[in-house]
Amino acid sequence: MKVWISEKISKPWRKNKKILASILHLLIHVGSLLPLLVGLWDFWQGNLGANPILEVTHRSGKTALTTLILSLSITPLRQLLKWNQINKLRRPLGLYAAFYAGVHLSIYVILDYGFLWGALLANSLTNKFILVGSAAGTILLVLAITSLNLFRRKMGASWKQLHRFVYGAGVLAGLHFILAVKPGVLRPWPYAAILLLLLSYRLPPVQTWVKKTR
Amino acid sequence: MAKLDNTEITPKDKYLNRKEFLKALGIAGASVAVLAACQDKPFIAGDDLPRQGVIPAAPNSGGSTEEFGNILTAYDDVISYNNFYEFTTDKEGVARLAKDFQTSPWEIQIGGLVENPGPISMKEIRNRYPTEERVYRMRCVEGWTMAIPWQGFPLSALLEDIQPQSSAKYIRFESIYDPKTMPGQSNRYFPWPYVEGLRLDEAYHNLTLLATGIYGEDLLPQNGAPIRLVVPWKYGFKSIKSIVKIDLVEEMPVSLWMESAPKEYGFYANVNPTVDHPRWSQATERRIGEYSRQPTIMFNGYKEEVGSLYEGMDLRENF
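Going down the list, the sequences are from chains D and C.
Taking this note's numbering, the leading residue of the first sequence gets 1, the next gets one more, and so forth.
Taking this note's numbering, the leading residue of the second sequence gets 1, the next gets one more, and so forth.
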């Protein structure tokens, strides 16, 4: 009975993995562009509430974090579901994360502070979350640029090492959110929990276990 | 430092409501950033930038600007953008969750070191204390600010009736605790109920208001109905909402924020651009309804009125 069920599910699963990965690929592009389009529409319509700049700051930050989390979940899904076709989703997700991080930073520097470099510098010195966020953004920017095939070929083995910094970006991005809200505000914690889970998956003992069970 | 200059006053025909402004922004595209960058007075909005200026058709709203010439915050914004963690930490979610909050009947328990303790009902309060309109700036510790026409009466009027004893040094306020109707109170991180306090001389100050309305209307639940404190020279969180208990005490009260984050929130919480919050620089602020930042002014612009209360005090130490 048990065998029959798993056969019934696993057979079409094996057959359709490739198609499902392609559908997912499309969904990722649509889903990642949607927050930008909705944001622009709400901006145009004046639907951003009483503090529109803060609202778009929060939205872009959450979208950056979400796409980063999704990009970090590809490898575990690939390994656990033996679904190699989804590996190609990592790059677009990472690029969207870098893109939204860039939007987030631009809103802060341009719309929020209107290039008031003095005030921006003062903020960076007094507020830890600004420093932490800037570090996360810098990592994502470097990884986005070096994601070009040109760099990948040129850099060889060091490319892989460099791109492991995405774990650091994940830690810093989660920390940035936690430090940015008042203590007792729970909004960052679901993100932080998922990030923690995804990063723990990369720990050597967990990896050993995964490889053994495969 | 004391006052922004008069050129801040925007002629009425320059007002645009937010929707129109956003459309203008959309058309202008990225030029907003350029505009902001090109201002010669970088911290102060240039007159060429239109102000959001929806003056709601609420009765008795008085003038349309406060004494520095800043446009009053739109009524819609005042009732939809609220920090009231008893409901939710989401500022734009408070109004919906607070919609059915019961504010009648309502009583305040007066106690502690007073000659006339006991409960006082809202009905008695309304009968006994005639309200007047006061237009105050309200500066949130998060860096945004509003200008609001309140209806209320000076706290000193109540103090004269309840008669603090000579040993009383501070006044302590408590908000309602009712987790059944206030879902945010199930967040156990905070030591509910909300508590705030003032030194007695601050409490007696003529600017210190017990407010029961805004824009000529009774307070809505999200704004702290039926009665709240307004202390305009301090960060907004000092202005405790939905008060059910007032005690006169000898020791400095420990507020909810002092207890939950002692390094971030002190007892005084005077608006002060030179003392940064660990999370935010307090040098600038944004008026709700506007886009560029303004410099934050010492004591939120009420230095002439309240500066003497803190003479000789280290305001960095007593933050």
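No lab work stands behind these hints, which were simulated from the structure alone.
Careful: at least some of the hints might be erroneous.
To be verified - So the derived label-pair ranges between C-beta atoms look like this:
1. C:D90 to D:V206: 30 to 40 angstroms
2. D:V185 to C:V275: 37 to 47 angstroms
3. C:M252 to D:L199: 35 to 45 angstroms
4. D:L199 to C:S167: 55 to 65 angstroms
5. C:Y177 to D:L162: 28 to 38 angstroms
6. C:E107 to D:V206: 53 to 63 angstroms
7. C:V275 to D:L20: 48 to 58 angstroms
No experiment lies behind these values; they were computed from the predicted model shown.
Even for Gly, the Cβ is constructed at its ideal location relative to N, Cα and C.
Structure-based check of each hint:
1. The beta-carbon spacing between D90 of chain C and V206 of chain D, approximately 35 angstroms, falls within the hinted interval of 30 to 40 angstroms.
2. One distance hint, 37 to 47 angstroms for the beta-carbon pair V185 of chain D and V275 of chain C, is violated here, with the actual separation near 22 angstroms.
3. Take M252 of chain C and L199 of chain D: their Cβ atoms lie about 44 angstroms apart, and the range 35 to 45 angstroms holds.
4. At roughly 57 angstroms, the beta-carbon separation of L199 of chain D and S167 of chain C lies within the given 55 to 65 angstroms, and the hint holds.
5. Checked against the hint of 28 to 38 angstroms, the C-beta distance between Y177 of chain C and L162 of chain D comes to roughly 54 angstroms, which is inconsistent with it.
6. The hint said 53 to 63 angstroms for the Cβ distance between E107 of chain C and V206 of chain D, and at roughly 58 angstroms that hint holds.
7. Against the hinted window of 48 to 58 angstroms, the Cβ-Cβ separation of V275 of chain C and L20 of chain D comes to about 56 angstroms, which satisfies the hint.
Checked against the numbered hints listed earlier, the structure breaks hints 2, 5; every other hint is satisfied.
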